[in-house]
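Residue strings, one per chain:
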Amino acid sequence: MATGSGALTTQLSGRDLTLFRGDRCLFQDVGFALQAGELLLFEGSNGSGKTSLMKAMVGLLEFESGVIEWNGKPVGEQRQVFHGSLVWMAHRVGLKADLTLVENLHFESALRPQSADDLDSVLERLDISRLKPLPLRSLSAGQQRRVALARMLLADVPLWLMDEPFTNLDREGRALVMRLVKEHLAKGGLCAMAAHQDVEIDATVKKVVL
Amino acid sequence: MWKWFHQLASPPHFYRIAPVFSTWLLLPGLALIAYGAYAGLFLAPADYQQGDAFRIIYVHVPAAYLSMMAYMIMAVAGGIGLIWRMKLAHSVAASAAPLGAWFTFLALATGSIWGRPMWGTWWEWADPRMMSELILLFFYFGYMALRSAIDDTAKADKASAVLALVGVVNVIIVHYSVQWWSSLHQGRTIMAEGGPAMDPAMLRPLLAMIFGFTLVFGSLLLRRTRTEVLHRERRTRWVRDLILAPEGNS
Amino acid sequence: MSAPQRDVPGMLDSLFAVARRDLLLAWKRPGDVLNPLFFFAMVCTLFPLAVGPSAEQLTFSGPGVLWVAALLAMLIALNSLFLSDFDDGSLEQLLVSPQPLPLLAIGKTAAHWLTSGLPLVLVSPIVAITYRMPGSVVVVLMLTLTLGTMSLSLLGSIGAALTVGLHRGTALLSLLILPLSMPVLIIGANTVSLAAGNETYSAGVWALAAYAVGALSLAPFATAAALRISNE
Numbered sequence: 000m001a002t003g004s005g006a007l008t009t010q011l012s013g014r015d016l017t018l019f020r021g022d023r024c025l026f027q028d029v030g031f032a033l034q035a036g037e038l039l040l041f042e043g044s045n046g047s048g049k050t051s052l053m054k055a056m057v058g059l060l061e062f063e064s065g066v067i068e069w070n071g072k073p074v075g076e077q078r079q080v081f082h083g084s085l086v087w088m089a090h091r092v093g094l095k096a097d098l099t100l101v102e103n104l105h106f107e108s109a110l111r112p113q114s115a116d117d118l119d120s121v122l123e124r125l126d127i128s129r130l131k132p133l134p135l136r137s138l139s140a141g142q143q144r145r146v147a148l149a150r151m152l153l154a155d156v157p158l159w160l161m162d163e164p165f166t167n168l169d170r171e172g173r174a175l176v177m178r179l180v181k182e183h184l185a186k187g188g189l190c191a192m193a194a195h196q197d198v199e200i201d202a203t204v205k206k207v208v209l
Numbered sequence: 000m001w002k003w004f005h006q007l008a009s010p011p012h013f014y015r016i017a018p019v020f021s022t023w024l025l026l027p028g029l030a031l032i033a034y035g036a037y038a039g040l041f042l043a044p045a046d047y048q049q050g051d052a053f054r055i056i057y058v059h060v061p062a063a064y065l066s067m068m069a070y071m072i073m074a075v076a077g078g079i080g081l082i083w084r085m086k087l088a089h090s091v092a093a094s095a096a097p098l099g100a101w102f103t104f105l106a107l108a109t110g111s112i113w114g115r116p117m118w119g120t121w122w123e124w125a126d127p128r129m130m131s132e133l134i135l136l137f138f139y140f141g142y143m144a145l146r147s148a149i150d151d152t153a154k155a156d157k158a159s160a161v162l163a164l165v166g167v168v169n170v171i172i173v174h175y176s177v178q179w180w181s182s183l184h185q186g187r188t189i190m191a192e193g194g195p196a197m198d199p200a201m202l203r204p205l206l207a208m209i210f211g212f213t214l215v216f217g218s219l220l221l222r223r224t225r226t227e228v229l230h231r232e233r234r235t236r237w238v239r240d241l242i243l244a245p246e247g248n249s
Numbered sequence: 000m001s002a003p004q005r006d007v008p009g010m011l012d013s014l015f016a017v018a019r020r021d022l023l024l025a026w027k028r029p030g031d032v033l034n035p036l037f038f039f040a041m042v043c044t045l046f047p048l049a050v051g052p053s054a055e056q057l058t059f060s061g062p063g064v065l066w067v068a069a070l071l072a073m074l075i076a077l078n079s080l081f082l083s084d085f086d087d088g089s090l091e092q093l094l095v096s097p098q099p100l101p102l103l104a105i106g107k108t109a110a111h112w113l114t115s116g117l118p119l120v121l122v123s124p125i126v127a128i129t130y131r132m133p134g135s136v137v138v139v140l141m142l143t144l145t146l147g148t149m150s151l152s153l154l155g156s157i158g159a160a161l162t163v164g165l166h167r168g169t170a171l172l173s174l175l176i177l178p179l180s181m182p183v184l185i186i187g188a189n190t191v192s193l194a195a196g197n198e199t200y201s202a203g204v205w206a207l208a209a210y211a212v213g214a215l216s217l218a219p220f221a222t223a224a225a226l227r228i229s230n231e
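Top to bottom, those sequences are chains L, G and W. Under numbering that gives the first Met the number 0, think of the first position of the first sequence as 0, with each following residue one higher. Under numbering that gives the first Met the number 0, think of the first position of the second sequence as 0, with each following residue one higher. Under numbering that gives the first Met the number 0, think of the first position of the third sequence as 0, with each following residue one higher.
Derived from the structure by calculation, the hints contain no laboratory data. Here the structure is a predicted model, which is why all the values come from computation and not from measurement. Glycine included, C-beta positions come from ideal geometry on N, C-alpha and C. Any given hint could be a false lead.
Computed, partial: chain W to chain L, Cβ under 7 Å [to be verified]:
no.	residue
1	ASP12
2	ARG20
3	LYS27
4	SER79
5	VAL95
In silico DSS-like cross-links for lysine-lysine, where the CA-CA straight-line distance does not exceed 30 Å [said to hold, decoys possible]:
no.	chain 1	residue 1	chain 2	residue 2
6	G	LYS154	L	LYS131
7	L	LYS131	W	LYS27
8	L	LYS72	G	LYS154
Please work from the sequences and hints to get the whole structure.
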C-alpha cells in the first residue's frame with residue numbers, strides 16, 4: 000500500500016463538516032476518522048444527506064465548512080493524489096449504455112491505476128463473464144451494478160466509496176458485495192458506505208448517523 | 000486592510016452602511032447631472048455640422064460608457080466571488096447585470112434617435128459602435144437568462160461568473176472584429192475622432208454628465224445590492240432580528 | 000495491497016481514451032452525426048428559396064449563408080456534448096478521476112469536432128459549388144470553416160458545460176453561444192467574401208487561426224470549471 004510520505008498508515012478523516020443544499024442545512028459539524036481495514040457507515044433516513052456527504056467528500060459538492068483529510072493532508076491540496084486513491088461507486092453506474100461491458104471497462108482503465116487482476120478472472124468472480132460482448136443497455140440494473148463492482152476491483156486504489164451499493168441487487172448480490180468489501184478491508188483497504196439498511200460484516204465498523 | 004475588507008463583506012455590515020454611501024453618491028451625482036443637462040442643452044453652442052441634434056451625446060456617451068463599465072464590474076465581481084468565495088461579490092454581480100443591460104439599451108436607443116437626423120435611418124448596420132453595443136446587449140441577456148435558469152443561487156452565481164469572465168475576453172474581440180468588418184463595408188460613424196478638438200463649452204457638460212451618471216450608477220448599484228443581500232439572507236438570524244426589531248433599524 | 004500502488008495512467012492516455020470512447024459512441028449512433036449535416040444542407044436550401052435563385056444573388060450571399068448555416072449546425076450538435084454523460088453519471092466519474100479535467104474536456108471537444116465540425120468542412124464544397132463558388136474560393140471556405148468550427152467547438156463546450164442538466168437548456172445554449180461566436184462568424188464569412196472578390200484575405204485566416212489557438216488554450220479551463228459547477 001502506498002502511503003503519503005510521513006503518514007504511518009492510510010487514513011481518511013473529516014472534521015466539522017457542514018453542508019447546505021440551497022438554503023437548507025443538511026448536517027452540521029459531522030466528523031469521522033477511518034483507518035486502514037475499517038468500514039465507515041453513513042446511516043440516516045432518506046434525505047438526511049448521506050449521498051450529499053459522500054459527494055462532497057469526493058469534491059463533487061462544496062462543504063460550507065470543515066475539512067476532509069487523506070493521510071493527514073487536506074484533500075483540497077492534493078486533489079489528484081486523492082482522486083487517484085479512490086473509486087466512487089455512485090447511485091448511477093456511470094457507464095455508457097451503448098458500449099459493451101468490455102469497452103466500458105477498457106475506457107476506465109485509462110483513468111485510474113489498475114490492479115494486477117486480469118479482466119476475465121474479475122468478471123468470472125462477479126458472474127458476468129458471459130455478458131462480455133453485450134452493450135450495457137441490454138443488461139439488467141443488477142447486472143450493471145456488478146459491472147460497476149468490476150470497475151472497483153480492477154482499480155488499484157485503497158479507498159472505496161459506495162453510495163447505496165445494495166440497490167438493485169438480489170440476496171446473492173448483496174452477499175457478494177459484503178464479501179468483496181471484507182476482502183478489500185483485509186488487504187488494508189478502506190471503505191466508506193452510505194446504506195439505509197443494516198450491514199453485517201466481520202470487520203471494524205464505524206458509524207456516522209446523520 | 001484585510002480586516003476592513005472582511006468587515007465590509009459581511010452582509011449585516013454592508014446592509015447597514017450601504018444607504019449612507021448610496022446617498023453620498025446620489026446627491027453629487029444628481030447635482031452634476033442637473034448642471035450637465037442645463038449646460039449641455041442651453042449653454043453649449045450648437046454643432047456647426049449637426050446643429051442641435053448633437054446634444055443627445057450628453058445622454059448617449061455616459062450610457063455607452065456605463066454599459067461597458069457595468070459589464071466589467073459584473074465580471075470582476077464574479078471573478079472575486081469565484082476565487083475568494085465572497086458572497087457579497089456575487090450579489091454585486093447579480094445587481095449590476097440589469098443596470099448594465101438598461102444602460103446598454105439606453106445607449107442603443109439614443110444612438111438610434113441620433114442616427115435618424117444624421118443618417119436618415121433609425122438603424123445603421125454598418126456602424127461598428129452600435130453593433131458592439133448590440134452584441135453587448137445580447138451578452139447581458141445571456142447572462143441574465145443563465146442566472147434565472149438555475150434554481151440554486153450558489154450554483155447560479157458560480158456559473159454566471161464563469162460566463163461573465165469568458166464574455167469579457169470576447170467582448171474585446173467582438174469590438175475589434177466589428178471594427179474590421181465595418182471598415183470593409185465603409186462604415187459611417189457618427190463621432191468624429193479627435194476629442195481634444197471639442198469646444199470646452201461642449202466638453203465640460205459632457206464630463207459632468209459622465210461623472211454624474213457614474214455616481215448615480217454607483218448609488219443604484221449599492222441599493223440594488225443591498226436588496227439582493229437582504230433577499231439572499233432572508234432565512235438568517237440577523238434579518239429576522241432586523242425585521243422584528245421595534246424601532247426598524249436602517 | 001502490500002504491493003506498491005501502480006501509477007496513474009498518463010494524462011495524454013486519458014485524453015485519447017476519452018476521445019476514442021466518444022468517437023466509438025458516435026460510430027454506434029450515426030444519427031447524431033448526420034442530423035446536423037442534414038440541417039446544414041437544408042438551411043442552405045432555404046436561402047435560394049427565400050431570396051431568389053439568380054446567379055448574382057447566390058455568388059453574393061454564398062459565403063455568408065454557408066457560414067451562418069455552419070454556425071447553426073454546430074449549435075445543434077453542441078447540445079449533446081455533455082448531456083448523455085451528465086444523465087448516465089459518467090460525467091461524475093470523469094470529475095472524480097485523477098486526470099486533469101481540462102485535458103479530459105479537450106478530449107471530448109476534439110471528438111465532438113471530429114464528428115460535427117469536420118463533416119461540415121467536408122460537405123461544404125458540395126454546397127458551395129451549388130452556390131457557384133469558384134474552386135479557389137472553395138479552398139478558402141474550407142480553410143476558414145476548419146479553423147472556425149474548431150473555435151466554435153471549443154467555445155461551445157463552455158456553453159454546453161454551463162447549461163448541461165438545465166431545463167430549457169437548448170434555447171439557453173443558443174442565447175449564450177451566439178454572441179460569443181460572433182467574432183468567428185464575422186471574420187470567417189468576410190474572409191471568404193474577400194476571397195470571392197479577389198482581394199487579399201490572408202489577414203482573416205491568420206485571425207481565425209489565432210482565435211482557434213487562443214480558444215484552445217483558454218476554453219478547456221472554463222469548460223472544466225463549468226462542468227464542476229453544473230454537476231453540483
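Do the hints match the structure? See the list:
At about 5 Å, the closest approach between the beta carbon of W:ASP12 and any beta carbon in chain L falls short of 7 Å, and the interface hint on this residue holds. For the restraint placing W:ARG20 at the interface with chain L, the shortest Cβ-Cβ distance is roughly 5 Å, inside the 7 Å limit, so the hint holds. For W:LYS27, the interface hint holds, since its Cβ comes within 7 Å of a Cβ in chain L; the closest pair sits about 5 Å apart. Contact between W:SER79 and chain L, as hinted, is not supported at the beta carbon level, the nearest pair being about 13 Å apart and thus beyond 7 Å.
This hint holds: W:VAL95 has a C-beta 5 Å from the nearest C-beta of chain L, less than the 7 Å allowed. At most 30 Å may separate the alpha-carbon atoms for a hinted pair to count; G:LYS154 and L:LYS131 exceed this at roughly 40 Å. Taking the CA atoms of L:LYS131 and W:LYS27, the gap is near 17 Å; set against the 30 Å cutoff, the hint holds. Simply put, L:LYS72 and G:LYS154 have alpha-carbon atoms about 27 Å apart, close enough for the 30 Å limit, and the pair holds.
Against the hints set out earlier in the document, violations occur for numbers 4 and 6.
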